[in-house]
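Taking the hints as your guide, dock the two standalone chains into a single complex.
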Amino acid sequence: MSDVVTDSSAPVAAPAEGRPRAAAPGPGPGPAPRARITGRWARVSYLFVSGYVVFLAVFGVLPTLYALRMSVVDDQGAFVGTENFARAFADFRFLPAVAHVGAFLGLWLVSLMVLVTLLALIVHGIGRRWLSSGVRFVYYIPGALAGASSVVLWLFVLNPTVSPVSAVLHALGLETFVQTVSPGNLPVVFAVIAFWTGAGGWIVVMYGALNGISVEVLEAAKLDGAGAVRTALNIQLPMLRKWISYMAIMSLAAGTQLFVEPRVLSQASHAVVPVDYSLNQLAYLFAFKQQDLNGSAAIAVTLLVVSLGLSVVFVVRGGLFERD
Amino acid sequence: MTSPHPRARSIRPRRRLALTAAVTASLAALTACSGGSGSGDPSSDGGAAGEYGFETATQDPSAAITVWVDASREPAAQAFMQAHPDVPVTVETYDGGADGSGSFQTKVEAFNQAGSGWPDVVFSTQNNDAAWASQGNDPFAAPLDKGYFDSSFLDGFTPGALNPTTVDDTVYGLRNDLAPTVLWYDKALMDQFGYEVPTTWEEYQALGEKVAAEHPGYIIGDVGDTFAEEIYFWSAKAPVNVVTGADEFSADTSDPKAVAMATLIDTLLDADVLALDSVFSPEFVQKYTGKVLMLPGPVWYSGALFSNADSLNAQPGTIAAGLPLAWDGEEPAAGNVGGGTWYISRHSANLEAAKTFLEFVTSDDAYQVDMAPGLPAFKAAGDKWLANQEATGFFAAGFADTVSTAAGQVWDGWGFPRFSQEAVWAKTVTPELAAGTSLVDLLPDWETAITNEAQANGYQVP
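Chains R and X are the protein sequences, given in the same order.
For my numbering, add 2 to where a residue sits in the first sequence, where the first one is 1.
For my numbering, add 274 to where a residue sits in the second sequence, where the first one is 1.
Bound-form chain X, shown alone (with noise of 0.2 angstroms):
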């Protein structure tokens, strides 16, 4: 449940108060045991933006909170609601904007339009999002650290793990998961084929060609997805989606990182040790279960094509997580891919509870290191989550330093602007690389593509 807005407040009966309080009276023991420490009183109305740093909804601690999450994240609301039982939740699932289809935005405008009707807590498969939720003149993020988190709390994050969700350094939302990409490979059948895992990329394409060679059916890597461009373009340090400002974004697909990174994709394709399809397509695991030889991917393929028995499935100790590549005779640099983010609405009547369940699903081992798929963005949570994935022996060993080094290897280069990479990628390259059009010709595109975009989302270009 959402309050109204803030112009439809002056037109609210004055009996909803009065109920409110007493509503409160009962309730105090139950906010009590919450954790809501200098929550101060929650019957108090709203209008004053001093204590949380933004003008907060008249409180109602019985409200129910509506919590929008994707598909993949129902089983954090639902261990939140076996862990927390009092606190009331409605939780609908949406699109959790996969692949930029802006639904998060679109909806949220759509309210703000009506004037009532936001979700009070939401999950976004994005990280982009802080962007666009914490401007205009209605924005729907509440700031984190201006007094309603503790910042004990916020401090308990991986370093740099909040950067997405951070404007202006003020903190709108809360990172679910690191989402770092690293070189994931066979060990077994690079053993067996006596291969040596690459460190660079120029090592990675000679063995491409090699396999291409010597095992032909056998990938190197997938290119079928919208997030493609976050894989092989940021790790490439290819200055394609620089934020210079708050208005200011440039994109130079012509840069010889990017030039290089579309030679290298072209050459792959053409030796055939590319795949075509999403990983998450039933094509994918059909076509290539048992012949993926090497994939650089995020954390997060671990546990949703790896260890997944409805995708790749592949065997115990078979499967390890190499570090980023880099370009020869340079750092290496780590790519990301998502990372979910949860933002809180200012506009929820129960911000008592929103901040108790992302306090849950984001640090909460009973979630984030029992049940979730990928590497948790609160530290003390990830330590743990890695220790356990190490412990299962699922995958080969020294799985734990290398996704911790990883996390420290994203390349800062690689902004998080208003709009959706993933989208403009998906409508300008896919299908073109899909009709066996060459990346390097496409170069061209794909930078109007992305200004175009740019330019009307608001952006300067030079």
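Chain R with its partners taken away, still in its complex shape (with noise of 0.2 angstroms):
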């Protein structure tokens, strides 16, 4: 990064997910201020986030402790090593539900990535008001539908014979509620569904993270020749890439965790649409229908080991630690 660069400051929107972002610079353009917070401020700081560590305390690290224990337990507690992961990973669903998983996160999370990001810098580009904020708007209403009510819709535009869509859907060779949600299809579907009900609010997020790129930088860049394409490419990208990583690892916690798009579209679909499509569903089975929860805890350690450890890939490589 150019040395221009290192000077802005944190893109001032706040994220859209309710997390707090792990280092975020000092507010307000020009040098941030690194002076060290001492005494009273400190401890007040404390109080800040208090909060947030309770419940996280509570809700986030006591039950991953908990399901760490029962992964490597029997149902009577004796202490049984890897065997309750042999078993989750022999069933003959597991691989499948792999499989489906990957192919889902991989659609979407480079559709995530790539349009979010482009879409943001074409409303960013707009240089109306009124319309950018219109723009702004409409993309994010579809994440204002929640989870299960979001899916209630596709069921509508999915099936050939009540879609608005139908045209669309028949001119892919598709004349059936059932060959529209077949199972090479289901990635797709799940990836159009999630984008859709997401990407809204991370196109805003990212508008926000562009506002953050002071004026006199974008208006150097235009003095030294640059257009609306290299400055995308050389100026904004760059210095957005901690809030695509910041995206692609809140996403990708999301995707792994794949469970009411599958659950709603099962029931919907008369069970063409399996019930043990994704991991979490596997894992709900294991722990409601087989009563192996022990089994169903093995799962999800194995989920979030491997979601941890795709994030941590993404924090290394989007710098999202770094402070400038």
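Don't read these hints as lab results, they were simulated from the structure.
Among the hints, a few may not be true.
To be verified - Now the in silico label distances, taken between C-beta atoms and shown as ranges:
1) X:Asp344 <-> R:Ala80: 39 to 45 angstroms
2) R:Thr66 <-> X:Asp584: 35 to 41 angstroms
3) R:Phe323 <-> X:Ser712: 55 to 61 angstroms
4) X:Asp344 <-> R:Val112: 50 to 56 angstroms
5) R:Leu239 <-> X:Thr563: 53 to 59 angstroms
6) X:Gly421 <-> R:Ala80: 37 to 43 angstroms
7) R:Leu49 <-> X:Thr367: 42 to 48 angstroms
8) R:Phe158 <-> X:Ala709: 21 to 27 angstroms
9) R:Gly227 <-> X:Ala709: 54 to 60 angstroms
10) X:Ser712 <-> R:Thr66: 46 to 52 angstroms
Ideal placement from N, C-alpha and C gives every residue a C-beta, glycine not left out.
Structure follows, in structure tokens:
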């Protein structure tokens, strides 16, 4: 990154999700004061984070530790090592579920990162204020339909008989609902649903991040003869890097936990979409259908390890915790 | 409402006992008229396994009972509340476990973990729930024939009706309706086309090919539903769902009967005389109203499809039920699709009310004869229901006899395992059939899927 960039402040927009940012530099333009916070203010800051820490401990850390313990003991509490993992991995539904979630994640994360960034740049480039805010609002609307309700809406969109976009479905050779939700199409279907629901919020976040790039930098680029594309590639994208990683991590965490969409589609499609489509569904079946809570914990821990591993990659590659 | 789990009972305030006793006194009259003879002292604290054959929770005769029904059984609960306004009932609808969704079991297991929250009475559209609900460290379903229900009442069910809910000679649930498959056909169309009603699968296939040539557009069956295997393979006597012991299971889709049925379905799909839409889908109604020449299917198609204004809405007197089909030279056999079941929770705090409820919804004329869409499993109600159907003249003559005969012909080689054949069929076969794959080619995959599911559910598969 150039020296000019170093001084820029963090984007002012708050992340859409409720997690506090890990390492947010000080607010305001110009060289951010890195003065050490001491004394009374330090104590107040503990107060501010305490609410989060308490909930993190009760609903995040403790259940995780509990799951870790359960994944290595049997139902009598005796230590069994990796037996639960071996049983879960050997289950005939495990590898298909991994493949399903992997395909969905691949499609969704790539489309999210590419399209959201692109759309945010375009929206940011729109000169007219009313049009820009109008478009942002429209993008954001689907995000208001949470989880299951958005899937219910998609049930209609995906059914060629009643869909408002039935022409598109017919053009793709899909004549019935069962064909639309056949196993080969499901990763795309879920990726489209997830993108439609979540992208708007991220576009707003990215827009905020773009606003955080100081006007001087952009004007300097313009004076040097950079067009919109060049500015985007050489100035805006590098400065969005952290935000793109942040989006990737949050989406990865949400995506590996795919559950509601296949569950609702399963009921609506009369079980053509299987109840054991995703890893999280499989964990649910292990726990509540086979009464194998330890196997379920093993799947949950595996999911955690994989998501953590991938998140570390994004954090390191995206420089998320770097302080300029 | 349900009482807490036995594990939690020790920390329960004693105050509750006193309250229970007080309420009991004021409600003694009420319990007396709800038909609870020999129920013992309702205030007696649970624990003793004696009287009903299981450990009961602390009873509270004023406690509301929570009843889970699917949308189709909501009228049953409404009818009960009208007939028994004195019994407090909370009705909650859920999917009824339809298509093998397993929601009944998964919810109950979650409550088992929580140690509270169980519903008192549950209706399930599936008939294999007793297999899990009677088992485990903390079984859900209360045994009904060990002192809880009068044996004279249980004897009132059609012989064999309680088989799906009977495990190790103990009855864990009551059957709502019988669902043998019959050969539905449009008598008016058959007469018009000059066709004979087939009695064997071979004749059925031959007629299908004839229809394809002479009257294209008409259908003689549907394989688009999750229960298609119960209509076709169960009545074909295909050994693909054989429970040979508490933990033993086998499935053989390469059996000649399974292959013969798959070949028949492939042939008729190629001839375009079998539909691939679910009979409940708007597409089915849109495409095939007036085009259904024959339709092998359960008895409850009567109310669900033919005399339903939102479905096929047939003209009175046109639709007839034919006897189940046989393989050439063999005895005919019927399949079976569901026939709902009712269960009572062992954790119920008001077993008297739960019993009153179950007796009403399974046997009372006000629901089973006057409102029920399917053939009641309770014999007396079933006979009246059939007579009513016959009297309305909606179905062509002989309906009652045919259905009674079919009810006695359900093939007993199809088991009730702890997993759903419907769910396996839906995910393995339905999308492939829709994509045009031949069913014969799918048979090995289907068998693998069945045996995998059986093993995952703790069965030994040879």
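Results of checking the hints against the structure:
1. The supplied range of 39 to 45 angstroms is met by aspartate 344 of chain X and alanine 80 of chain R, whose beta-carbon atoms lie about 41 angstroms from each other.
2. Between threonine 66 of chain R and aspartate 584 of chain X the Cβ separation comes to about 49 angstroms, which falls outside the hinted range of 35 to 41 angstroms.
3. At roughly 57 angstroms, the beta-carbon separation of phenylalanine 323 of chain R and serine 712 of chain X lies within the given 55 to 61 angstroms, and the hint holds.
4. For the hinted restraint 50 to 56 angstroms between aspartate 344 of chain X and valine 112 of chain R, the CB-CB distance of approximately 41 angstroms leaves it violated.
5. Taking the beta carbon of each, leucine 239 of chain R and threonine 563 of chain X are about 58 angstroms apart, inside 53 to 59 angstroms as hinted.
6. Distance hint check: the CB atoms of glycine 421 of chain X and alanine 80 of chain R are about 38 angstroms apart, consistent with the given range 37 to 43 angstroms.
7. At roughly 47 angstroms, the beta carbons of leucine 49 of chain R and threonine 367 of chain X sit within the given window of 42 to 48 angstroms.
8. The hinted range of 21 to 27 angstroms is satisfied by phenylalanine 158 of chain R and alanine 709 of chain X, whose Cβ atoms lie roughly 23 angstroms apart.
9. At about 56 angstroms, the beta-carbon gap between glycine 227 of chain R and alanine 709 of chain X stays in the expected band of 54 to 60 angstroms.
10. Checked against the hint of 46 to 52 angstroms, the C-beta distance between serine 712 of chain X and threonine 66 of chain R comes to roughly 48 angstroms, which is consistent with it.
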